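Peer 1: Now for the letters of each chain:
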Amino acid sequence: MASKRQFRVWRGDENGGDLQDFAVEVNEGEVVLDIVHRLQATETPDLAVRWNCKAGKCGSCSMEINGMPKLACMTRMSSFAEDETITITPLRTFPVMRDLVTDVSFNYEKARETPSFAPPAGVAPGDYRMQQVDVERSQEFRKCIECFLCQNTCHVVRDHEENKEAFSGPRFFIRAAELDMHPLDAKTDRKEYAQAEQGLGFCNITKCCTEVCPEHIKITDNAIIPMKERVVDRRYDPIVWLGSKIFRRTS
Amino acid sequence: MTNTATQPPRPRAAIAAKTLRTDRWWLAPLLTVLGLGAWVTYATVRVFLQNNYWVEKYHYLTPFYSPCVSKGCDPHAAHFGQFLPDSPLIPYAALSLPFLLLFRLTCYYYRKAYYRSFWMSPPACAVPDGHKTYGGETRFPLIFQNAHRYAFYAAVVISLINTWDAFLAHEKADGAFGFGLGNVVLWVNVIMLWAYTASCHSCRHIVGGRLKHFSKHPVRYKLWGWVSVLNGKHMQLAWITLATLAITDFYVMAVAAGWINDLRFVG
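Chains as they are written, first to last, in my numbering: chain A, 43 to 293; chain B, 327 to 593.
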C-alpha cells in the first residue's frame, strides 16, 4: 500500500550544499534506492546518484542513510517507522562531486599501491593446484564488492583526513590478508608491508568496518587481527623471531 | 603514478551535523562504561579487603586471591608458598592480578570496548571520535598492545592455578571428599575462564592461524577450527567471565563471612 513519507536529501557540490525536504510516495517492498529514483523521476530530475545493479552486488549505491553507511539498494523502507524522516547523505569520508556522488579515487590509489599476487616460481599458470582447506580463508575476502562502506566508516580517515596518506584502510587489509594467507603467493614480506606502508597499526579494532560490510565479511576478526598477529611475529615477538632465525621453519 | 592522497584535500560534503544517526548509538558505550566501571570498583575493593577470601571448612579460595602468596595469607590457603610482604597496599594475589589485568587490557575485544566507550575513539560507528589527532596503536604506549600474546601465556598459567584450586576445594578441612554449591560455582568459573582464554585471538593465531598451509598441519587445523568457534563468542565470554569471577568471589566471601551456608550435596 502506498504512503507519503518524509525524506531529507543532501544536495550540493564541493562549494556547499544543504539538506532538502521531500515528501515521496513509498510502496510496499521498496528500498531507499527506489525512493531516490522516484525523486529523480518527479521533483529532482538532476539529483546525482551512483547506482548500477540494484542487487547489492556492484557496490555502487553506497551512501549514508540516517547517518549510517549503507547500500541504498539493500536498505528496505520497511526497516523504518512510518512517521520517521529518513535522511540521505553522501559518504562523508570522500570528496563530494555532486549530491549523493563522491569521488572514491582514494581507494583506487590505495589499490594500485597494494602489491598484487606474486606467482610461485616454477609453476606455470594453469598448473596451480591448491587444497580447499588452504584457500578457504582467502575466499571469504574475495566476496568484497568494493562498496567502500568500510573505508568510509573507518574513523582513522573519516575523522582524520591527515591519515589518508599513511593508512590504506580495511578494504586493503583484507586484500593483504587474502594474499598473505594464499597458499601459492610467493611474496614473503606482506606483513612488513601491511605494517610499514598500509598503516595497519592505526587500526584500533573498533570493528565499524565489520559492522557496515554488506557482504558480512568478518574484516576485523578474520583479516585485520590475524594480520596484526602476523606482524607481531615479525616485529614485536622476540621469541618467534629468534625461533624463525634458528630453525628456519616455514609454515 | 599520481597519488591524490598526498594532494591538498578536496572538500567533503558540507554537512553541519556531527552525526545523523537516529538510533540509540550511545547506549552500548554507556552500558560498557557502567558494566566495566562497576566491575573494576568491586574487584579493587575486594582485592584490598584482605579478608573473607578462604572458607577453611570447605577449602574454597576466591580467584581474586589465587595464588595466595602473601605472608598475610591464611597458611592453608597458600598452596604455592608465602613470599610477598604482608602489606595493606599489596594484594595477596599480587603475583597473578597484574597479568590478568594485562590480559584483559590488551584483549582485542576489551580494546574495542574501552576505545569506544572510555576513549571515544570512536564512540560508535559514523559518530566522530573525540580527538583532534589520531595515531592508533602505532606508537607508545599503545604499541604495547602487541604484547597481548605474552599476557595470554600468563593467563593460561593462572587458569591452571584456578583449576588446581577447584580440585583442592573437594577436600574438606577434615580430609574427606566434599561437594557443595561452592564447588559448582568454582567449576563454572574455571570452565568459563578456560573458554575465554582459549577463545583469545592470539591463541587462535598461535594454534594455527599463523600457518599458510593448513593441509600440512591437520591437527593444528582442527584446533584452529575449534578455537575459531570459541573466538566467535569472545565478546560474550569476556562478559560472562567478568560475571562468573564476581559471583564466585562474592559467594566465597558470603560463605566465609557466615552470611550464608554452603548448600552441601556430599559431605
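Treat the hints with care, since some could be wrong.
[Unchecked claim] Cut-off 20 Å, straight-line C-alpha distance, at most; resulting in silico cross-link-like pairs (EDC-like, lysine to aspartate or glutamate):
(1) B:Lys548 to A:Asp263
(2) B:Lys344 to A:Glu56
(3) B:Lys344 to A:Asp60
(4) A:Lys260 to A:Asp169
(5) B:Lys538 to A:Glu182
(6) B:Lys542 to A:Asp227
(7) A:Lys185 to A:Asp263
(8) B:Lys538 to A:Glu72
(9) B:Lys458 to A:Glu207
(10) B:Lys538 to A:Glu207
(11) B:Lys344 to A:Glu203
(12) B:Lys438 to A:Glu253
(13) B:Lys559 to A:Glu253
(14) B:Lys538 to A:Glu178
(15) A:Lys46 to A:Asp176
(16) B:Lys344 to A:Asp55
(17) B:Lys438 to A:Asp125
(18) B:Lys538 to A:Asp63
(19) B:Lys498 to B:Glu382
(20) B:Lys538 to A:Glu234
(21) B:Lys548 to A:Asp176
(22) B:Lys458 to A:Glu203
(23) B:Lys397 to B:Glu382
(24) A:Lys46 to A:Glu67
(25) B:Lys542 to A:Glu178
(26) B:Lys383 to B:Glu497
(27) B:Lys559 to A:Asp275
(28) A:Lys287 to A:Asp263
(29) A:Lys152 to A:Glu207
(30) B:Lys458 to A:Glu204
(31) A:Lys152 to A:Glu203
(32) B:Lys344 to A:Glu204
(33) B:Lys538 to A:Glu56
(34) A:Lys229 to A:Asp176
(35) B:Lys548 to A:Glu178
(36) B:Lys538 to A:Glu155
(37) B:Lys538 to A:Asp263
(38) B:Lys542 to A:Asp279
(39) B:Lys548 to A:Glu204
Treat the hints as calculated values from the structure; they're not laboratory data.
Quick caveat, the model's predicted, so the values are computed rather than measured.
Peer 1: Taking only the CA atoms, is the gap from B:Lys548 to A:Glu204 under or equal to 20 Å?
Peer 2: Violated, at roughly 43 Å.
Peer 1: If you draw a straight line from the CA of A:Lys260 to the CA of A:Asp169, is it 20 Å or shorter?
Peer 2: violated (31 Å)
Peer 1: Between A:Lys46 and A:Glu67, is the straight-line Cα distance small enough, at 20 Å or below?
Peer 2: Roughly 4 Å separates the two Cα atoms, so the pair holds.
Peer 1: Sort out whether A:Glu182 lies within 20 Å of B:Lys538, counting only the CA atoms.
Peer 2: holds (15 Å)
Peer 1: Run the distance test for B:Lys538 versus A:Glu155: straight-line Cα separation, threshold 20 Å.
Peer 2: Judged against 20 Å, a Cα distance of about 23 Å means the pair is violated.
Peer 1: Holds or violated: B:Lys344 and A:Glu204, Cα atoms, limit 20 Å.
Peer 2: holds (18 Å)
Peer 1: Taking only the CA atoms, is the gap from B:Lys458 to A:Glu207 under or equal to 20 Å?
Peer 2: holds (17 Å)
Peer 1: Would the pair B:Lys559 and A:Glu253 pass a check requiring their Cα atoms to be no farther apart than 20 Å?
Peer 2: holds (16 Å)
Peer 1: Sort out whether A:Glu56 lies within 20 Å of B:Lys538, counting only the CA atoms.
Peer 2: violated (46 Å)
Peer 1: Does the structure keep B:Lys438 and A:Glu253 at a Cα separation of 20 Å or less?
Peer 2: Roughly 13 Å separates the two Cα atoms, so the pair holds.
Peer 1: Taking only the CA atoms, is the gap from B:Lys538 to A:Glu178 under or equal to 20 Å?
Peer 2: At roughly 11 Å apart (the allowed maximum being 20 Å), A:Glu178 and B:Lys538 satisfy the hint.
Peer 1: Holds or violated: are the alpha carbons of B:Lys538 and A:Glu207 at most 20 Å from each other?
Peer 2: Between B:Lys538 and A:Glu207 the Cα gap is close to 30 Å, so the pair fails against 20 Å, i.e. violated.
The earlier numbered hints that this structure contradicts are 4, 8, 10, 15, 17, 18, 27, 28, 33, 36, 38, 39.
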